[in-house]
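Asker: One letter stands for each residue in the lines below.
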Amino acid sequence: MDKKVKIKICVGTSCFVQGGSDLLLYNDFIDPEIIEKCDIEGISCFNACKGHENGSAPFVMINDKIYGDMTPEKLNKIVIEVYHARNK
Amino acid sequence: MLEINNQFTHLKSKVYATVLKCFFNGTLEEDIDKIPFWIIPKDTDPSRCCIYKERAMVRYRILAFLGINIEKDDDEMKPLSDYYREVISKQMKPLPVLTTISTACSACPQDQYLISDACRGCYARPCLANCPKDAIEFINGKASIIQEKCIRCGKCQEVCPFNSVLHRLVPCEGSCPVDAIKKNEKGFVEIDYKKCISCGKCSRSCPFGAIVERSSIFPVLQILQSKERTTAIIAPAIDGQFPGTLGQIKTAIKMVGFDDVVEVSEGAELTSINEAKELEHRIKRGDKLMSTSCCPSYVEIIEKHLPKLNAIKSDTLSPMAYTAQLVKERDPNTKIVFIGPCLAKRVEAVKLKTVDGVITFSELASMFIAKDIDVKEVQEADLGDTHSFEDCRDFAISEGVKGCVIKRMEDPSIVKPYNIDGIDKKVFKMLKVIDKIPSKGNFVEVMVCDGGCINGPGTIVKPKIAMKLRNGNTQAITKAMKKERLY
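If you're matching them up, the sequences are chains A and B in order. Just so you know, my numbering puts the end of the first sequence at 88, numbered straight through with nothing missing. Just so you know, my numbering puts the end of the second sequence at 487, numbered straight through with nothing missing.
Rather than coming from a laboratory, the hints here were simulated on the basis of the structure. This one's a predicted model, so the numbers in the text were calculated from it and none came from an experiment. A portion of the hints provided could be inaccurate.
Taking lysine-lysine and the DSSO-like style, the derived pairs with C-alpha atoms no more than 27 angstroms apart in a straight line are [what the hints assert, rightly or not]: (1) 6/A <-> 462/B; (2) 50/A <-> 34/B; (3) 464/B <-> 77/A; (4) 50/A <-> 277/B; (5) 142/B <-> 50/A; (6) 77/A <-> 462/B; (7) 74/A <-> 462/B; (8) 6/A <-> 93/B; (9) 464/B <-> 37/A.
Construct the complete structure from the given sequences, taking the supplied hints into account.
Answerer: Listed below in structure tokens is the structure:
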């Protein structure tokens with residue numbers, strides 16, 4: 001059975017202002033078939049910005065792993081990778 | 001214009017937030033000269049020639065944020081802390097809104113049409129046949145443009161089957177609708193303030209960040225720190241700029257230190273009512289055309305370039321002006337700060353005298369970041385009875401103003417409306433003869449920014465995202481909000 005990829009987009013003010021808002025247009029840059037297999041939501045700041053180990057804003061959490069410096073292209077790439085890795 | 005998210009805007013928001021953090025901590029005076037080093041540490045991989053220039057640029061961003069007229073008052077020997085002391089001790093002239101940083105300017109060469117390697121030197125040679133000035137010659141079997149003859153009409157580019165003609169642009173000059181950008185004798189950018197309409201298109205177009213807005217946030221911060229009551233009046237475009245509801249945005253603004261928050265849509269209702277009356281009156285007396293008057297950049301166009309259009313511009317006040325009046329009636333002792341997407345509103349505020357400060361959404365966002373306020377997390381404030389002016393929140397969107405006005409007319413059948421959605425060079429030319437062209441209608445809504453205020457220079461998100469958030473249909477956001485908000 002397919003496991004859904006859990007995508008949490010940080011919409012804390014800092015992430016939102018620094019490009020995170022663009023990620024909310026995920027319908028425009030992620031394949032609809034993949035979106036169906038994902039659980040996507042915008043969540044409040046999860047303090048990824050307080051440390052430096054994950055890069056800088058905007059942050060996205062994919063299956064509990066934190067990714068920084070997120071762009072639509074990068075998000076699309078990672079989601080595809082994670083999805084295929086899970087359903088091998 | 002550049003995409004709203006780019007390295008420059010990200011740096012800007014980082015600089016703003018850092019400066020404000022220090023300000024709120026009370027350490028700005030001692031820390032301000034360190035900020036360029038914090039933002040560009042030693043190991044940074046520079047996008048400009050070196051980290052030293054990057055730091056110098058951060059210094060200029062800080063100066064602009066302090067509201068310094070860089071073009072006039074830049075003194076490289078003077079520490080930022082000296083500038084800061086001046087800013088908090090004396091009142092600065094709020095205008096002009098824009099200023100230039102010649103060190104950042106790349107002195108881009110004049111715009112030119114060039115033929116690239118893609119030219120195959122074809123037999124048909126449509127470029128040669130279609131050039132109205134005989135500016136195409138063939139050298140070694142390939143086309144070349146004689147620049148002295150070229151009038152930059154772009155015909156050759158249109159007809160080339162190999163797409164080999166390149167138009168090299170000058171972004172700032174190209175974006176200015178009124179030709180207010182010029183180059184000095186060294187080739188660096190200068191603004192002709194007699195022509196500038198403070199629309200901010202140039203500052204959003206320059207990829208080097210050489211044209212910047214002088215923030216007026218420090219006078220506002222000082223008002224907030226004083227004991228005086230302060231009311232924020234928020235432009236209709238604010239809905240959709242933050243990941244939360246209007247009620248949450250209102251709470252967040254109060255957390256920054258404002259005593260009260262009033263929607264400018266309330267004043268927009270008065271604008272609609274009065275403009276509807278005026279329109280009916282004008283049509284009945286035989287006027288051929290009336291235009292809206294709420295876009296301050298358009299008002300600047302009329303004042304500085306096309307005074308004859310005063311005859312068609314409605315005399316109704318803008319939503320900001322009415323809202324300030326309403327607030328003063330209810331609360332005569334309060335200071336009023338307009339929070340909006342617009343730079344030209346500062347020009348209007350100076351004329352009006354009822355508005356004490358103007359800041360943008362991106363400056364407000366920096367205050368939220370500096371104070372660690374997460375809009376989506378805060379409690380929702382009561383917006384009060386918004387029933388009568390709810391539709392006026394559409395003033396922020398192209399075609400919204402005319403809709404609200406027409407709705408409030410006694411006899412809407414007499415009006416034939418159309419709209420000007422964004423003014424660039426071409427539309428400006430058309431504006432010059434708008435009272436002469438066989439009319440497209442008798443009521444025209446004019447917005448200088450494409451799409452309306454939600455695409456203004458002080459916005460945070462792309463209009464598309466703003467529209468989604470306004471309609472509350474961004475799945476991700478609403479899903480998360482549903483959890484907290486029981487709807």
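Asker: Now tell me if each hint is right for this structure.
Answerer: Verification of the hints:
With a CA separation close to 25 angstroms, the supplied pair residue 6/A and residue 462/B stays within the 27 angstroms bound. Among the hinted pairs, residue 50/A with residue 34/B is consistent with the structure: their alpha-carbon atoms are about 20 angstroms apart, no more than 27 angstroms. Between residue 464/B and residue 77/A, the direct Cα distance comes to roughly 23 angstroms. Compliance with the 27 angstroms bound is thereby established for this hinted pair. As the CA atoms of residue 50/A and residue 277/B are separated by approximately 55 angstroms, the hinted pair breaks the 27 angstroms bound.
Taking the CA atoms of residue 142/B and residue 50/A, the gap is near 58 angstroms; set against the 27 angstroms cutoff, the hint is violated. A threshold of 27 angstroms between alpha carbons decides the hint, and for residue 77/A with residue 462/B the separation of about 22 angstroms falls inside it, so the pair holds. Distance check on the hinted pair: residue 74/A and residue 462/B sit about 19 angstroms apart at the alpha-carbon level, within 27 angstroms; holds. With a C-alpha separation of about 52 angstroms, the suggested pairing of residue 6/A with residue 93/B is violated against the 27 angstroms cut-off.
A distance of roughly 25 angstroms separates the Cα atoms of residue 464/B and residue 37/A; the hinted pair therefore holds under the 27 angstroms criterion.
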